[in-house]
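*Asks:* What follows is each chain in one-letter form.
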Amino acid sequence: MKTTLTHVAGLCFVATGAIAETSTLTIYTYDGFNSEWGPGPQIEANFEAECACDLEFVAAGDGAAVLSRLKLEGANTDADIVLGLDTNLTADAAATGLFAASGVTAAYDLPIEWSDDTFVPFDWGYFAFVAGKDVEAPTNFRELAASDLKIVIQDPRSSTPGLGLVLWIEAAYGDEAGSIWADLADNIVTVTPGWSEAYGLFLEGEADAVLSYTTSPAYHLIAEGDDSKTSWAFEEGHYMQVEVAAKVASTDVPELADAFLAFMTTEGFQSVIPTTNWMYPAVTPAVGLPEGFETLVTPSTALLLSSEDAAAKSGPAIDAWRAALAQ
Amino acid sequence: MVIALVLVLTLGTLLAVLWRAEGVGGLGRAEWAAIRFTVLQAILSAAASVVLAIPVARALSRRRFRGRSVLITLLGAPFILPVIVAVMGLLAVFGRNGLLNDAISMAGGDRISIYGLGGVVLAHVFFNLPLAVRMILQGWIAIPAERFRLVVSLGASVSAMLERPMLRAVLPGAFMAIFLICLTSFAVALVLGGGPKATTVELAIYQAVRFDFDLGRAALLAAVQFGLSIIAALAAWFITVPEGFGAGLDRVLPRWDGASLWERSCDALAIALAAAFLILPLSMVVIKGMIGLSDLPASVWPAIARSVSVAAVSTALTITAAVLLSMRGGRAVGVASALPLAASSLVVGTGLFVVVQPMFNPGKLALLVTALMNALMALPFALRVIAPAFERVEADYGRLADSIGLKGWARVRISVLPRIRKPLGFAAGLAAALSMGDLGVIALFATSDQQTLPLLMYQLMGSYRTDAASGAALVLLSLSLCAFWIFDRGGRADADA
Numbered sequence: 001m002k003t004t005l006t007h008v009a010g011l012c013f014v015a016t017g018a019i020a021e022t023s024t025l026t027i028y029t030y031d032g033f034n035s036e037w038g039p040g041p042q043i044e045a046n047f048e049a050e051c052a053c054d055l056e057f058v059a060a061g062d063g064a065a066v067l068s069r070l071k072l073e074g075a076n077t078d079a080d081i082v083l084g085l086d087t088n089l090t091a092d093a094a095a096t097g098l099f100a101a102s103g104v105t106a107a108y109d110l111p112i113e114w115s116d117d118t119f120v121p122f123d124w125g126y127f128a129f130v131a132g133k134d135v136e137a138p139t140n141f142r143e144l145a146a147s148d149l150k151i152v153i154q155d156p157r158s159s160t161p162g163l164g165l166v167l168w169i170e171a172a173y174g175d176e177a178g179s180i181w182a183d184l185a186d187n188i189v190t191v192t193p194g195w196s197e198a199y200g201l202f203l204e205g206e207a208d209a210v211l212s213y214t215t216s217p218a219y220h221l222i223a224e225g226d227d228s229k230t231s232w233a234f235e236e237g238h239y240m241q242v243e244v245a246a247k248v249a250s251t252d253v254p255e256l257a258d259a260f261l262a263f264m265t266t267e268g269f270q271s272v273i274p275t276t277n278w279m280y281p282a283v284t285p286a287v288g289l290p291e292g293f294e295t296l297v298t299p300s301t302a303l304l305l306s307s308e309d310a311a312a313k314s315g316p317a318i319d320a321w322r323a324a325l326a327q
Numbered sequence: 001m002v003i004a005l006v007l008v009l010t011l012g013t014l015l016a017v018l019w020r021a022e023g024v025g026g027l028g029r030a031e032w033a034a035i036r037f038t039v040l041q042a043i044l045s046a047a048a049s050v051v052l053a054i055p056v057a058r059a060l061s062r063r064r065f066r067g068r069s070v071l072i073t074l075l076g077a078p079f080i081l082p083v084i085v086a087v088m089g090l091l092a093v094f095g096r097n098g099l100l101n102d103a104i105s106m107a108g109g110d111r112i113s114i115y116g117l118g119g120v121v122l123a124h125v126f127f128n129l130p131l132a133v134r135m136i137l138q139g140w141i142a143i144p145a146e147r148f149r150l151v152v153s154l155g156a157s158v159s160a161m162l163e164r165p166m167l168r169a170v171l172p173g174a175f176m177a178i179f180l181i182c183l184t185s186f187a188v189a190l191v192l193g194g195g196p197k198a199t200t201v202e203l204a205i206y207q208a209v210r211f212d213f214d215l216g217r218a219a220l221l222a223a224v225q226f227g228l229s230i231i232a233a234l235a236a237w238f239i240t241v242p243e244g245f246g247a248g249l250d251r252v253l254p255r256w257d258g259a260s261l262w263e264r265s266c267d268a269l270a271i272a273l274a275a276a277f278l279i280l281p282l283s284m285v286v287i288k289g290m291i292g293l294s295d296l297p298a299s300v301w302p303a304i305a306r307s308v309s310v311a312a313v314s315t316a317l318t319i320t321a322a323v324l325l326s327m328r329g330g331r332a333v334g335v336a337s338a339l340p341l342a343a344s345s346l347v348v349g350t351g352l353f354v355v356v357q358p359m360f361n362p363g364k365l366a367l368l369v370t371a372l373m374n375a376l377m378a379l380p381f382a383l384r385v386i387a388p389a390f391e392r393v394e395a396d397y398g399r400l401a402d403s404i405g406l407k408g409w410a411r412v413r414i415s416v417l418p419r420i421r422k423p424l425g426f427a428a429g430l431a432a433a434l435s436m437g438d439l440g441v442i443a444l445f446a447t448s449d450q451q452t453l454p455l456l457m458y459q460l461m462g463s464y465r466t467d468a469a470s471g472a473a474l475v476l477l478s479l480s481l482c483a484f485w486i487f488d489r490g491g492r493a494d495a496d497a
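Protein chains in written order, with our numbering: chain A, 1 to 327; chain B, 1 to 497.
Certain hints may be false.
Restricting the straight-line Cα-Cα distance to at most 25 Å, the calculated cross-link-like pairs of lysine-lysine (PhoX-like) are [stated by the list, open to error]:
| # | chain 1 | residue 1 | chain 2 | residue 2 |
| --- | --- | --- | --- | --- |
| 1 | A | Lys-313 | B | Lys-197 |
| 2 | A | Lys-150 | B | Lys-197 |
| 3 | A | Lys-150 | A | Lys-71 |
| 4 | A | Lys-133 | A | Lys-229 |
| 5 | A | Lys-229 | A | Lys-71 |
| 6 | A | Lys-150 | A | Lys-133 |
| 7 | A | Lys-71 | B | Lys-197 |
Simulated from the structure, these hints should not be mistaken for lab results.
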């Protein structure tokens with residue numbers, strides 16, 4: 001009896017040892033990324049197949065909320081990687097000193113040059129107004145403002161697309177941004193706290209168009225077989241969102257974190273993105289983009305403020321937005 | 001003990017956030033604008049809810065008809081719905097593309113827009129009218145039937161002799177409760193407010209915590225919210241204290257007044273309008289939800305299980321706390337029935353996070369924290385139901401209990417609890433339903449494999465799956481109503497056979 005017990009105890013010990021040897025990579029990300037329909041589950045399976053590790057996603061609200069959570073936790077955080085910030089947040093993120101350079105580079109298929117060595121891009125998209133094809137499309141903000149078209153947008157103080165739109169108009173119009181907003185005021189049905197509410201209102205027919213991405217119609221086309229949606233191409237160009245990930249400086253598994261960031265630029269990650277996150281992959285997979293993506297509007301000009309500019313200008317731009325709309 | 005816990009969770013978390021903040025600045029123009037708008041919409045919403053509730057409550061108090069109790073249960077539904085579901089339901093009726101505008105344009109009129117202050121007040125009335133009706137109805141029911149008979153037989157005016165004094169006693173309390181609820185409004189005000197004009201303090205707090213990570217400003221704004229609530233509470237206190245609102249709604253008194261055709265028509269109209277106003281948007285939620293039911297992912301089952309367990313734990317906590325506080329009575333009840341209403345759930349959540357995170361992995365505690373938070377938020381409502389009933393029993397049977405030396409918990413168990421089954425059931429139903437529909441702080445703490453049903457619904461909405469999200473909303477609505485019905489019925493079983 002005694003020997004059996006010793007054996008059992010021994011086995012337990014071996015088992016715990018085995019578990020301890022598999023290191024865990026903890027990734028903080030936004031809610032949508034690791035939902036059942038998001039890229040998370042498939043990417044987890046793909047990476048675990050080659051890393052002999054345990055990948056754990058922790059979802060914490062949207063991109064801005066993820067950064068807030070990391071700041072709240074400081075160096076005490078469990079996160080090894082933060083995934084899902086955009087370039088409007090990276091200057092702020094870098095200033096915290098909580099992130100470390102990874103040295104990962106790749107041949108990115110981005111419409112802009114990428115040189116940041118801390119933040120590694122994994123997908124990108126253009127902000128755009130998504131509307132039904134039956135609506136006559138304006139070709140720039142002035143035309144939209146002069147029309148009777150109704151739009152629904154997100155609040156730049158609580159939503160990343162909302163901030164994207166404010167910076168879009170800032171990048172395109174600079175000092176005139178305030179007057180564009182004032183002219184747009186009567187087109188705006190309402191401003192929602194987040195993307196979901198705005199998109200929901202649009203689908204319910206509360207507005208002719210909603211601020212979203214040029215890639216949004218691809219969801220309706222590919223997942224629902226519905227080709228009635230399109231996005232408006234604006235002559236000013238379209239502001240971009242580039243989503244990035246970075247290694248947390250206090251990570252206890254730095255090699256594993258680097259390995260993940262390198263994996264992020266390969267097929268196993270990038271091929272999952274288009275039809276789960278409904279964005280353009282940062283590195284186009286060898287097989288190309290899924291059928292249906294060729295129907296999407298491709299803006300003539302890509303607009304993007306540098307992360308320093310975005311950080312410096314977003315405060316005043318939001319003030320101008322509020323002043324114009326609060327009349 | 002309980003009151004200490006309430007204080008820690010409301011004011012303590014505020015201090016925790018403050019402690020973590022790097023300095024507190026002043027309030028800017030934008031914050032002041034938000035404060036002004038918040039107070040304005042809360043006053044208008046509370047006033048509109050209370051005024052509109054008077055004819056409905058009077059009608060319900062003096063009429064008995066088939067389906068009356070079902071109607072009263074259904075009237076409570078908007079109050080326990082997740083905000084965004086209720087807003088979508090409202091928009092299906094009052095929105096640009098809603099039933100009302102379809103009818104107007106068919107009649108040849110111009111489509112109207114509800115976005116703006118009007119929309120905010122409309123939505124708040126939708127949420128709070130049932131609450132106001134119940135509180136005022138309770139006032140009417142509390143007038144003994146004999147007095148109606150007396151006043152009528154003396155040929156005096158029922159309205160001047162009985163109803164106006166009763167309303168004067170009940171209305172300030174009803175007004176204050178709804179004012180407090182509207183004070184912390186966030187999504188309703190923003191979605192229906194039409195833009196930054198409609199910024200509330202709660203949105204400013206959200207921005208400070210989530211976007212700017214300015215914890216000092218968040219704490220300051222949360223303190224402002226408490227300050228406003230205290231002013232409101234004091235004002236109501238000076239005018240008068242409410243009786244509270246309770247169950248016992250199926251006790252229809254034989255009335256000796258209000259029998260004229262005119263009065264009967266007015267009552268019928270009031271009930272019909274209120275029912276249409278509250279039930280049409282709910283029906284739209286149901287209709288849309290039916291379409292989406294088949295799109296629901298399999299993960300809806302574990303989410304339901306989690307939501308139901310959270311609701312069960314939170315209900316148990318709420319009721320225990322409410323009974324313990326009622327035993328103490330006095331000022332503790334007053335504090336605990338107002339303070340949590342004034343708390344910003346984001347600040348409470350962040351405060352808890354700051355305290356918990358250095359010790360535990362917050363993800364492991366997500367469901368427990370959610371249950372605790374939900375219990376805290378439901379406590380004011382449970383207290384308003386239970387405390388007055390408790391007091392009445394003590395007033396009626398307290399001396400008897402004293403004379404046989406019945407003390408402490410035994411006294412509560414033997415003398416009080418059996419006599420307050422109905423309010424207990426009603427309060428438990430309310431707590432369970434509120435907890436079921438609340439997104440709470442789960443989003444702040446949870447890891448992805450701990451979704452509750454409201455969180456799942458938001459995630460479906462956030463990934464283009466609007467139909468499935470409507471399905472989830474319907475499941476949520478049904479679960480909330482079921483939970484409410486089970487507890488409420490349980491409380492009434494064999495109570496008045």
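*Asks:* Evaluate each hint against the coordinates.
*Replies:* Taking the hints in turn, this is what the structure says about them:
no. : hint                  : result
1   : A:Lys-313 - B:Lys-197 : 22 Å, holds
2   : A:Lys-150 - B:Lys-197 : 18 Å, holds
3   : A:Lys-150 - A:Lys-71  : 38 Å, violated
4   : A:Lys-133 - A:Lys-229 : 5 Å, holds
5   : A:Lys-229 - A:Lys-71  : 39 Å, violated
6   : A:Lys-150 - A:Lys-133 : 15 Å, holds
7   : A:Lys-71 - B:Lys-197  : 30 Å, violated
In summary, the structure is inconsistent with hints 3, 5 and 7 from the numbered list given earlier, while agreeing with the others.
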